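Q: Start from the sequences, fold in the hints, and give me the full structure.
Residue numbers (this note's numbering), protein chains in the order written: chain A, 1 to 83; chain B, 1 to 83; chain C, 1 to 157; chain D, 1 to 157.
No lab work stands behind these hints: they were computed from the structure. Quantities reported herein were computed from a predicted structural model and do not represent experimental measurements. Be a bit skeptical, because a hint or two may be false.
[As the list claims (entries may be wrong)] Facing chain D, a subset of chain C residues (Cβ under 10 Å, in silico):
{"no.": "1", "residue": "3"}
{"no.": "2", "residue": "6"}
{"no.": "3", "residue": "11"}
{"no.": "4", "residue": "13"}
{"no.": "5", "residue": "27"}
{"no.": "6", "residue": "31"}
{"no.": "7", "residue": "33"}
{"no.": "8", "residue": "39"}
{"no.": "9", "residue": "64"}
{"no.": "10", "residue": "94"}
{"no.": "11", "residue": "107"}
{"no.": "12", "residue": "113"}
{"no.": "13", "residue": "115"}
{"no.": "14", "residue": "119"}
[What the hints assert, rightly or not] Over 10 Å on every C-beta distance to chain C, these chain B residues come out as not near it, computed from the model:
{"no.": "15", "residue": "20"}
{"no.": "16", "residue": "34"}
{"no.": "17", "residue": "66"}
{"no.": "18", "residue": "68"}
{"no.": "19", "residue": "80"}
Even glycine gets a Cβ: it sits at the ideal position worked out from N, Cα and C.
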Amino acid sequence: MKLLYFAWLRTRIGRAEEEVDPPADVATVEDLLRWLQGRGAGYAEALARPDLVRVAVNQEFAARDAPVASNDEVALFPPVTGG
Amino acid sequence: MKLLYFAWLRTRIGRAEEEVDPPADVATVEDLLRWLQGRGAGYAEALARPDLVRVAVNQEFAARDAPVASNDEVALFPPVTGG
Amino acid sequence: MAIRVQEEDFDIGAEIKALTLGRTEIGGVASFIGLVRDFVDPGAGQESTAIRGMTLEHYPGMTEKMLSRIEDEANRRWPLDATLIIHRVGALAPGDNIVLVVCAAAHREDALQACSFLIDWLKTQAPFWKSERTATGEKWVKAKQSDDVLAARWEKT
Amino acid sequence: MAIRVQEEDFDIGAEIKALTLGRTEIGGVASFIGLVRDFVDPGAGQESTAIRGMTLEHYPGMTEKMLSRIEDEANRRWPLDATLIIHRVGALAPGDNIVLVVCAAAHREDALQACSFLIDWLKTQAPFWKSERTATGEKWVKAKQSDDVLAARWEKT
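A: This is the structure in structure tokens:
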């Protein structure tokens with residue numbers, strides 16, 4: 001699974017992207033966020049306020065119960081502020 | 001009194017402006033329009049549909065009961081179509 | 001705040017640049033250009049007529065007065081940093097620019113609303129008249145009721 | 001219909017000219033430019049903070065996808081002749097252009113509404129993020145609730 005981080009999620013986690021291989025019980029966006037929180041201090045800090053985190057699966061906005069699979073591209077970012 | 005005509009009022013009356021000296025009982029816009037209708041075929045034709053005529057007195061839109069005086073500038077024109 | 005009535009064309013890029021230069025408090029610039037279309041709006045069930053050209057007449061003096069008043073009113077209703085209205089007169093061809101309205105503000109919604117307001121009010125309040133040239137001759141354009149409806153949205157109740 | 005994400009500045013005059021050239025069915029062109037303001041919106045009762053610069057980050061791929069979808073939706077809702085969205089990314093200074101939205105239509109109200117819709121939706125749907133540089137350092141911009149409110153106006157019920 002390819003993960004992408006943007007804006008303050010990128011700076012807090014300390015990288016723009018990475019390949020991960022979550023365990024089989026990580027089936028939804030919600031599961032993935034919980035699993036990521038256990039990956040270290042940067043992740044825990046970045047995901048401490050999950051209400052401020054938006055997720056896109058394969059470049060589509062995804063709700064917390066949306067499924068994630070091993071060859072998905074999953075992006076985590078704050079609410080958008082363009083325009 | 002200075003009269004100005006625009007758009008089809010100008011072409012039907014056959015002039016862009018003129019100086020007139022209406023009789024003393026021409027006190028309002030309404031009176032003026034009625035008096036002008038008697039000034040010839042062009043005027044009668046141009047003013048045959050008074051509902052299509054707008055009037056400005058001294059460059060301000062004026063209602064039919066607005067007063068007109070001898071040194072006013074009175075303009076007659078159709079509803080505006082700019083923009 | 002600026003008003004211009006002119007025969008010459010305008011350049012929206014240059015106008016916006018001049019309006020916003022050094023004005024870094026501006027966050028949004030909304031603008032509208034009206035152009036000469038090549039067809040007359042047909043009535044229901046009727047075919048449209050091709051337009052060959054257009055002539056714009058106005059009432060010098062009253063035009064500037066009304067445009068200034070419209071602009072003042074926009075500045076009273078919204079917190080604007082700059083406004084501009086340019087209206088062309090004389091002979092125009094299809095595709096030519098007719099009118100430019102620009103509103104600059106700190107916040108986009110103020111700029112967008114004011115721009116919409118200005119063009120709606122200009123259409124019903126400023127003394128301009130169009131005549132259109134088609135294959136069958138030249139004809140004065142009739143005022144559209146839809147323009148009155150759009151302008152009426154901005155009437156304060 | 002066109003979408004561009006770029007570091008370079010844009011020229012609204014040239015863009016509108018390219019969009020409308022020879023398209024004499026167009027009667028109105030509404031446009032909006034968003035610029036880098038020199039101050040941060042203060043909260044209630046707080047003083048505003050001066051901005052020295054801004055950096056715009058985006059999600060390549062998803063950005064273009066979302067902008068195209070927003071543009072498609074505008075074209076579904078209004079009879080438009082042409083639309084254009086340009087969004088800049090990278091380092092910007094106060095007064096710099098950020099975004100350009102242009103909508104051309106036969107009728108002005110369609111162009112104006114679609115332009116307003118596009119900028120509102122872009123603000124809440126397109127994956128761009130701003131960070132602002134002030135005297136005290138660089139800070140990611142917080143999303144504004146007012147943008148959600150403006151975008152919600154266009155939700156179909």
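Q: Go through the numbered hints given earlier and state which of them the structure violates, listing their numbers in rising order.
A: 1, 2, 9, 19
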